[in-house]
Amino acid sequence: MPKNIQEEIENKIIDQITAGASGRLITFKPEKDAKGADLIVERRGEYKEKGFSFKVNSFIGSKENNSFVKDFLQDDFKADKDFYLLFVSFDEVLQKINEHIWLIPSLRFKDIADSVMSADGKKLLRFQAPLDIKSKDKYSKYLINIKELGKLLIKAFESGGKFDFKDTWFQESKAINLEGLKEFISEARANTYASNATFNDNPRLLGSLQLEFQKGDYFYRDIYFSEKKKFIGQEIVYKNNKPVWGMNYIGSYIDKNAEKFLKDSLLRLSKKCRFGESCEFEKREFKYQDTGQGSMEEFSGQEYIFLEGKNIYKLNYQGGLL
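The opening residue of the sequence shown carries number 82 in this note's numbering; numbering runs sequentially from there.
These aren't lab readings, by the way, just hints derived from the structure by calculation.
Positions of the beta carbon are idealized from the N, C-alpha and C atoms, including for glycine.
Just so you know, not all the hints are guaranteed correct.
[Claimed, not checked] Quick list of the computed label-pair ranges, beta carbon to beta carbon:
1) I193 / Q383: 41 to 47 Å
2) N92 / A200: 30 to 36 Å
3) N92 / L290: 31 to 37 Å
4) S333 / E239: 45 to 51 Å
5) S333 / K162: 52 to 58 Å
6) G327 / S307: 16 to 22 Å
7) L286 / T99: 30 to 36 Å
[Stated by the list, open to error] Straight-line distance between alpha carbons at most 25 Å, and here's what the computed SDA-like set of lysine to any residue pairs gives:
8) K263 / S351
9) K151 / I178
10) K162 / N147
11) K131 / V150
12) K191 / F149
13) K219 / A160
14) K159 / F149
15) K352 / Y330
16) K217 / L403
17) K364 / I335
18) K129 / I107
19) K323 / L262
20) K323 / I304
21) K395 / N329
22) K222 / I335
23) K341 / F294
Make the full structure from the sequences, and use the hints.
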């Protein structure tokens, strides 16, 4: 693992703990630790209270690599009730740290890790988990969103040093079929703005334009404001009356012909555009371009329309799971 990427991962973990705990925790890198910890977390002002130690295990790859594999020498592995293992992957394609991380108690890891032999006959403890978080395995219970780490630590300190994984972001998101959600959003967009659907007569926000679509357990609402060739708005998707996904956007145009071509492009690319993927569509002198990054869970991007090479429309968007 290149030192700069390992350091970037550790610094992001520190930032997320600080933000999630609202400054109530102190995180630092020890000069030397008998268990090999990279980070120690303590409660601010609680000098007699024992903190948590973390070993940060990093992996460079992408989802095409299929799984995250990390080996530990069994004889050197030191487990303790306050010592935890963090497994964090860095996506070399997107050049960013994946937000899904594994947080595993060292005592528990010793029990559930695979026991293997190295080429030179040494006993190893192996962590091996799929990078595709939709694939369930024995480590799924310990998979969380890095943004939740600070909150989980606060709860752990308040409960006497015990983590509760029952209500983590991952466990909640597992109930949502991402492919099914994407299919619904694509259909909703195609049946509202892109197809000139009728606006709601009684929009929730004064002066706004509101479009809605419902199918099964899902409900979609697109609400936006438009004034002098500028617009700003948001899409929200509900499942069983609970908001589960959203996207906000802001844009502008200088040629009224942009809107008609935009709707045509959105219909043709409904399963790709505004989800964080990059895609293009050309028709005669018009060109549509979406330069997105990320996934359904968290994404951002820019959308452009060119007329004979001249930019006549631009939109910035960002969104993801709630």
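ask   = Against which earlier hints does the structure fall short, listed by number upward?
value = 3, 10, 11, 22
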